[in-house]
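Novice: Listed below are the residues making up each chain.
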Amino acid sequence: EVQLQQSGAELVRPGALVKLSCKASGFNIKDYYMHWVKQRPEQGLEWIGWIDPENGNTIYDPKFQGKASITADTSSNTAYLQLSSLTSEDTAVYYCAREGYGSSYNYWGQGTTLTVSS
Amino acid sequence: DVVVTQTPLSLPVSFGDQVSISCRSSQSLANSYGNTYLSWYLHKPGQSPQLLIYGISNRFSGVPDRFSGSGSGTDFTLKISTIKPEDLGMYYCLQGTHQYTFGGGTKLEIK
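Chains V and G, in that order, are what the protein sequence lines are.
Under our numbering, the first residue of the first sequence is numbered 83, with each subsequent residue one higher.
Under our numbering, the first residue of the second sequence is numbered 9, with each subsequent residue one higher.
If you are wondering where the hints come from, they were derived from the structure by calculation, not from laboratory data.
Virtual Cβ for every residue (Gly too), placed ideally from N, Cα, C.
Any given hint could be a false lead.
Each pair of labels, with its calculated beta carbon distance range [said to hold, decoys possible]:
no., chain 1, residue 1, chain 2, residue 2, range
1, V, Gly97, G, Ser22, 47 to 53 Å
2, G, Ser36, V, Ala98, 28 to 34 Å
3, G, Pro93, V, Thr169, 24 to 30 Å
4, V, Asp113, G, Gln35, 27 to 33 Å
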């Protein structure tokens, strides 16, 4: 069974850095692009970027260049999203997702709630 | 950048209704190989989004046939026939031809 298990909720201070994880089971992440999506409170979904875990290549939405860094560890079958210089604008739920047919997202993690507050 | 516009923002329904949601792109979503990467998702409160339709009109595994997708180029439609209580929530389209962009969402809610 395909599953994406994300790390738990985070409460961090402004200006800090955080690294969220997304552990895959039921498939090898080397075989799929892995994406990250942001949803701010009462807002819609925003694409952050993707990684090809086989070679580490990444692409980001320009809005997240310099803010987000996506990595993957194929030995642990886990994708990561690191966010830096956190502000209240980064308070959101972050989802990882596996790319499927037709550049769609056929499997999603349960989401990680990030709260940035002093 | 590709802008994806969904309408309406809100769609009050009664159970048993048939409705359509529109998704329009600022650029054609057909690539040079003739493939069009447009998908639809339902996002219920407290849950992760779930894939309904990929490649304009292909239902994902387990999705009921009351959901159907159509369109081409820049104009796409999700149709839901015979709405049931479990269909309520936010609907999003996603273009994956020019990197990725979500539509703003349509809230399907009870009248």
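Novice: Give a verdict on every hint.
Specialist: Hints, one by one, checked against the model:
For the pair Gly97/V and Ser22/G, the supplied restraint of 47 to 53 Å holds, since their beta-carbon distance comes to about 50 Å. Under the hint 28 to 34 Å, the C-beta atoms of Ser36/G and Ala98/V, about 42 Å apart, miss the expected range. Taken as a hint, the range 24 to 30 Å is violated for the pair Pro93/G and Thr169/V, whose Cβ atoms sit roughly 39 Å apart. Roughly 30 Å separates the CB atoms of Asp113/V and Gln35/G, a value that falls within the hinted 27 to 33 Å.
Going down the numbered hints, you'll see the structure goes against 2, 3, while the others check out.
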